[in-house]
Structure formats: C-alpha cells, structure tokens
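Each chain is listed here by its residues.
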Amino acid sequence: MRKKIFGNMCVISILAILVTSIFVVGVFYGDFVEKMKSEVETEAGYIKTAVEQMGEEYLDEILSQPEVNRRNRITLVNSDGTVIFDSYYNPQSLENHRKRPEIQAALTEGTGRCSRVSDTLQQETYYYALKLDNGMVLRVANTSSSVYASLLRVIPLVLLICVIVSAITMLIATRQTKKIVQPINELNLKKPEENDTYDELAPLLGRLEKQNKTIKLQIEELKVKQREFTALTENMSEGFLVIDQDGNVLSYNSSALELLGMKQAIGEKQNILTFNRSVGLQNVVDEALKGNPSEQEIQVEGKYCQIMANPVTSKKQIKGAVIVIMDVTEKQQREQMRREFSANVSHELKTPLTSISGYAEIMKNGLVKQEDIPRFAENIYKETARLITMVGDIIKLSQLDENQVALQKEEVDLYSVAKEVVERLQATASGHKVTLSLLGESRTVNGVRQILDEMIYNLCINGIIYNREGGYVQVRVENREGHTILAVKDNGIGIPQSDQQRVFERFYRVDKSHSKQVGGTGLGLSIVKHGAMFHRAGIEMDSIPGSGTEIRIVW
Amino acid sequence: MRIRFEQQLEQLNIELIKMGALCESAINKANEALLNVDKNEECVAEVMGIEDEINQKERDIEALCMKLLLQQQPVARDLRQISSALKMISDMERIGDQAADIAEISKYVQVRQNASKIHIGDMAKATTKMVTESIDSYVNRDLKMAQEVVRYDDVVDDLFQEVKSELIELVVKDSQNGEFYFDLIMVAKYFERIGDHAENIAQWVEFSITGKHEF
Chain A
351 MRKKIFGNMC
361 VISILAILVT
371 SIFVVGVFYG
381 DFVEKMKSEV
391 ETEAGYIKTA
401 VEQMGEEYLD
411 EILSQPEVNR
421 RNRITLVNSD
431 GTVIFDSYYN
441 PQSLENHRKR
451 PEIQAALTEG
461 TGRCSRVSDT
471 LQQETYYYAL
481 KLDNGMVLRV
491 ANTSSSVYAS
501 LLRVIPLVLL
511 ICVIVSAITM
521 LIATRQTKKI
531 VQPINELNLK
541 KPEENDTYDE
551 LAPLLGRLEK
561 QNKTIKLQIE
571 ELKVKQREFT
581 ALTENMSEGF
591 LVIDQDGNVL
601 SYNSSALELL
611 GMKQAIGEKQ
621 NILTFNRSVG
631 LQNVVDEALK
641 GNPSEQEIQV
651 EGKYCQIMAN
661 PVTSKKQIKG
671 AVIVIMDVTE
681 KQQREQMRRE
691 FSANVSHELK
701 TPLTSISGYA
711 EIMKNGLVKQ
721 EDIPRFAENI
731 YKETARLITM
741 VGDIIKLSQL
751 DENQVALQKE
761 EVDLYSVAKE
771 VVERLQATAS
781 GHKVTLSLLG
791 ESRTVNGVRQ
801 ILDEMIYNLC
811 INGIIYNREG
821 GYVQVRVENR
831 EGHTILAVKD
841 NGIGIPQSDQ
851 QRVFERFYRV
861 DKSHSKQVGG
871 TGLGLSIVKH
881 GAMFHRAGIE
891 MDSIPGSGTE
901 IRIVW
Chain B
7 MRIRFEQQLE
17 QLNIELIKMG
27 ALCESAINKA
37 NEALLNVDKN
47 EECVAEVMGI
57 EDEINQKERD
67 IEALCMKLLL
77 QQQPVARDLR
87 QISSALKMIS
97 DMERIGDQAA
107 DIAEISKYVQ
117 VRQNASKIHI
127 GDMAKATTKM
137 VTESIDSYVN
147 RDLKMAQEVV
157 RYDDVVDDLF
167 QEVKSELIEL
177 VVKDSQNGEF
187 YFDLIMVAKY
197 FERIGDHAEN
207 IAQWVEFSIT
217 GKHEF
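Keeping their order, the protein sequence lines are chains A and B.
In terms of this note's numbering, the first sequence has 434 at position 84, counting the first letter as 1, and numbering is strictly consecutive.
In terms of this note's numbering, the second sequence has 128 at position 122, counting the first letter as 1, and numbering is strictly consecutive.
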C-alpha cells in the first residue's frame, strides 16, 4: 500500500512538474520571440530611415563599428534578388534571394516576415524585410535558439527537481501511510466502537461491531447446542463414537470409554484402534468405512458389547462413521439362564421318568418277584408324585412369571396364613428332628392367600430340609418401621456367599450332587422370589455357611 | 511432503496395533485350543489362519518401514519409532509362530487332558497379560507399563520352573504318558518364549520413548 501511495504521488508530482515546465517554457518563449520580433522590426525601421537618408555607406559604417550591436544580420537585396550587402557574409558568395518568401512579400506588399528553423532544429531565424523607397529590400534577421533547444536546456533542471520531489514524496508517503495504517492495526477488535480514530474508519468500525454481535450470538447458540448434545451423549448408557474416514476419533462419550475398557480420556485425533484393538471392532469399522452398516459382538473385560457402525456419507463420499456400543452382558446372561433353564427342565423331568420306565420295564418282563411288586409300585408312585409336584411348580412359576394369576388380590392376614403352614409342616419338621415355631403378631397385607401360603411353605420346607438334627426354624410376622415383615430363620447349613445371588434361579442348587437325597424340585426359592415380585415385596437374605439363614420378605 | 510423512507414520502406528491385536488373538486361541476340550479343531484352524495373517502383516510393515526410511530419511524420534517398529514386528512374528506351535501340539488329546493337571493355564494367562500390556504400552506410549512388562517376565519364568517341576513329578509317577509330558514342557517353553518376546517388545517401546535400549 505504501508503495502504491508513493507511486501515485510520484506520478502526480512529476506530471505536474513536466506540464508546468512545458507551459512555462512555451509562454516565456512566446514572449521572448515577440520581443525579439519587435526589436528586429524597430531596428529595420531605423536602418531603413538611415539608408534612405545616408545611402549605402551607412551600412558599411555599421560594419566598421564593431562596438555597434551586431547581433542582427542585416542584408540589402536588390529588387532583382541579388545581394548587395550582408553584415555576416560576403555578398558575392550569396545566391539570389528573390525566391525567399520574406523578400517576395516585401517586394509586393512593402513588408515581409518569415521564421525558419535550421536543419538541426537547434536554431530558429526570424527574417523581417522592408522595401526601401528605391526598390531595394532591406532584411534584418535574428537567430535565436529554437523552442526545442530551450526545452532541452531545461530538462536537466527538471530532472533534478523530479528527484528531489521523489525523495520528499517518499518521506511523506511513508509518514502518511503509517498515519493511516497504524490506527487500523491498533484497533481494539473486541470493542470497535470505543476506538479513537479518524472519521473515515467509523463505518468500518460500525460494521465490525455488528459482526461481533452476530458472531457472539452464533457462538452462544452453538455452545448451547453443543452442551445439549454433550448432555445427551454423556447421559447415554450406550457408548457413542464418531470417527472420520481415516478411523480417527472425532467425538466420544464417557460410556464409550468405559465400555471399550479405556481407563482415561485421550488426546485429540486418536485412532479408534488405540481405544480398543479387538478384531471385532476392526472389522466393524472397516466395513462401515467401506460404506456398509455392520454389527458385531465383542468381549471386553468380561463384558459383552454389541457394536453397531453406520457410515456417514456426504455427496456420495464416505466421510466417516458413527459407532454405537451397547452393553449386552445382561441380555447374554438372561439368554444363558434361559438355555440353562430348558436344559435343567428336561433333565429334571427326565430323571423321574427314566426310573419309572425302568421299574415298569422290569415288571413287564416279569423279572420281579411277587413280593417285590409293592415296593416297585411304591417307587413308581413316589417318582410320579415328584413329577406332578414339579410340573405343578413349573406351572405356578410360569403363571407368576406372566403375571397371569387368575385370583383376585384381597386383604389377607399373614399371621394366620403362616400359622396354617406351620401347623401343616409340624409333622415333616419332627420327621427331620427340627423344631418349627411361629412368632409375631397379626398383620394384613394385600395379596393372594394361595400364593402367600406357597411362599411361606417353600421357605419353611427349605429351612427344614437344609438343616441339622436338633435345629430350629422360626417364622416371624412383624412390623418394622411401618413395613410388614415375614421372616423365616433357621440355624441350618447356610448358603455359601458365592451362591447367594443364584439360589433364586430356577433349578439352581448349591449342592448339585445330593439333590436326589434331599428331594425338592429346585424351584422353591424361585417361586418365593416370583411370589414376592407379584406382591411387590422385596427379599432380603442373610446367610452364613454353617450357622444358618434368614430370609425376609418386606412389604 | 511433511504431511504425507506424518500420515505414513500414523499408518505404521495403526498397522503395528493391528498386528499386536492379531498376536493377542493368536495366543488366546492357542490357549483355548489347549484348555477347551470341545473346540480344539476349530481353534487350531483359527490360530493357523491368524499366523498367516501375522506373517503377511510383518512383510507389509517391513515394506512400509523401508519406504519411510529410504524416501523420507527420518531423524531423531521418527527414526527411533521406525527402527523399533522394525524390531518389534520380528518379535511379534515369533509370537505368532509360537502360538501356532502350541496349537499344533494341542491336537493330541492326551496333551489336552493332562494340561489341566499343571499350572500351564496360569502361564498362558501370564503371557497373554504380558503381550496385551506390551502392546498397550505401545499404543498409549506408556513408559511405566512397558517397564512393568519387563519386570513381569520374572513371574513367567518362575511359573515355567514350577510347571517343569510339576511335570517331572508326573513323569516319575506316570511314565507311560511320558511322551505327552514332554510335549507339555514344549508348550510351557513356548509360553515362556512368548513372554520373552513380549519383554523385547516392551523394551523396544521403551527405546522409542526414551532413546535408550537395555538388554
């Protein structure tokens, strides 16, 4: 910019200097020529008078007086054109002057003027001719340097002035540019209105202020959106990742870190493989970046994660991918439980059926002695009874599971239900040499009598079976801080810590090898759990292996 | 030019991570082939497939390293990264080979049956941990973890001694199956070697971070 300003100023000043000098030269030259012409004409007048009075001798007199101004050339020409006298040259050597325009004009009109430029353009001669009374023509000529020559003489001076002017212009341009630019450079862009500068900048500052406001608003808006988005993704339990086409992570949430097994957040633009390098994830990402949505399950630190990746395209080009990671551990576990359940059901049902069919086969083949038949029949009867109980239990469970109990809920006195159960089980308890007792007070709950009965029965029977000789089972119905509590406590064998979570699962048994001796279907606690769920009650369990168990149902 | 170089370095980094992941799954599968009685055949086949992939990766990474060295003439840290990558891939390739060897031996039923009698499962776990952590230390440029891996090699060595004495006892008691016990000691030795390779990788990681390499 400074160069441009400097250049423009230079051009203008040099142009001004040139034009001025040309005009000045022109005007002064004109004046000078006019003056010279009138001088020449006046002199011609004097000489004419002198020659007319004194004759040609006057001219010779002029020649002999060198002190007389001889700047002008004086020529006397006869009417036929021959030169009679010339103050510069010998008249004999000069050619006939009749053809000269000034002479011709003087012969016809009395006076004649003419200017001629020399061949070199260096000089210009002005001729003035006067016709004398005797028919001769007197010519006075003055030679001066031409207008071009004068110009040429001026040029070095002009150039010198130009150089000086340029130097000054440079100085001024620098200072001026600085003066213009400095305030702009020192503008406070954050608060443009508060700047103290020259007026010409005011519109710019106004626009800056306006733009600042718009930008501020937009940033605010974006920030709010970003916060919303972050809040959304951060609170997702699913992991969320955005990657670009090279596989670098652009954005992620903390769930993603957790699910992929990363301990701490990482820096900018990391490749997804630094998060997790399992082959499953690699495949999913590769597929997505090829443009195909894909899905895979991987295992991270004992958790099952389902990974879904979708390509992000813009203008038919793949720009990256969005990856969603879900923790499907629970789903996997449920599926496994279901698989185990069907395996268990078939196994549990098959065992009694196998023994029944075995007994029946022996009897059919007549291999049994007559006196053994009642014993065999007894066995078959026992196994069928076991089967029936088990099928009954399964039906009850599935009813509870589906919440399809046909019975209406009513107000039931829990104590009286417990009392009935305890009375019914007295015989069994004494058979196992276990004392069964009931404590507490009358409490009513909203529920189904039959299911409650079933729950208490199952809890008690577990307490009796998994007990030692001389042990006790105690049923309590009580009120604790407004909650009705049904507790069944025994001092039996207890449940190991590792199994406590799983005893409520169907067919789960702590001691798998002795189930046949102990009896039971393996569904008891499962029924209790589903019963409690049906009644919207919670289950608490305290158990110490070797010293007893207490299970509480809390309304 | 510079940007391209950086991209290629990043690509080298990613390829190394991928190769590391392949090594991890090779050991895991070899381990499963040895200890999981039901899935032996498919696991062995998988290990062999992974081993081929590892060999291919080694060649690819080697070519990439050479290209980087010749075309870009890296210096200082970049040079360290590339030279340690060159060393690391040969260790990784050996890990792949040894996983394949373990899988090969695990084809014998008697080997598998006897494997559960000794602490070979613990060895497998310890070496897997070493390999995983050595690659983790590379991924995260974690000097501390790399040093930990180097120290952890002692644990694997101790386990190898333990397995050895267990096997000696078994051979004395049950000399009829002696052949398979020798196979098992080979397996244990392979695991021990894998541990050594993981240690090497960790040392190269240390070198690429600090510029110092100790043997």
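Check each hint, because a few of them may be wrong.
What the hints assert, rightly or not - Here are the simulated DSSO-like cross-link-like pairs (lysine-lysine), alpha carbons at most 27 Å apart as the crow flies:
| no. | chain 1 | residue 1 | chain 2 | residue 2 |
| --- | --- | --- | --- | --- |
| 1 | B | K131 | A | K653 |
| 2 | A | K619 | B | K24 |
| 3 | B | K131 | A | K619 |
| 4 | A | K653 | A | K681 |
| 5 | A | K573 | A | K541 |
Said to hold, decoys possible - Here are the simulated distance ranges between beta carbons:
| no. | chain 1 | residue 1 | chain 2 | residue 2 | range |
| --- | --- | --- | --- | --- | --- |
| 6 | B | L75 | A | R689 | 48 to 58 Å |
| 7 | A | K653 | B | L75 | 48 to 58 Å |
| 8 | B | E47 | A | K619 | 42 to 52 Å |
Please keep in mind that the hints were generated in silico from the structure rather than gathered at the bench.
Built from N, CA and C at the ideal position, the CB exists for glycine as well.
These are the hints, each one checked on the structure:
1. Of the supplied pair hints, the one linking B:K131 and A:K653 holds, its CA atoms being roughly 18 Å apart against a limit of 27 Å.
2. Distance restraint check for A:K619 and B:K24: the Cα-Cα separation of roughly 18 Å lies within the 27 Å cut-off, and the hinted pair is therefore satisfied.
3. Of the supplied pair hints, the one linking B:K131 and A:K619 is violated, its CA atoms being roughly 33 Å apart against a limit of 27 Å.
4. With a C-alpha separation of about 11 Å, the suggested pairing of A:K653 with A:K681 holds against the 27 Å cut-off.
5. Note on A:K573 and A:K541: the hinted pairing holds, with a Cα-Cα distance of about 22 Å set against a maximum of 27 Å.
6. Between B:L75 and A:R689, the C-beta spacing of about 55 Å keeps the proposed range 48 to 58 Å intact.
7. Our hint of 48 to 58 Å for A:K653 and B:L75 is violated, since their Cβ atoms are close to 42 Å apart.
8. Range check, B:E47 to A:K619: Cβ separation about 43 Å, and the 42 to 52 Å hint holds.
This entry does not satisfy hints 3, 7, going by the numbered hints stated previously.
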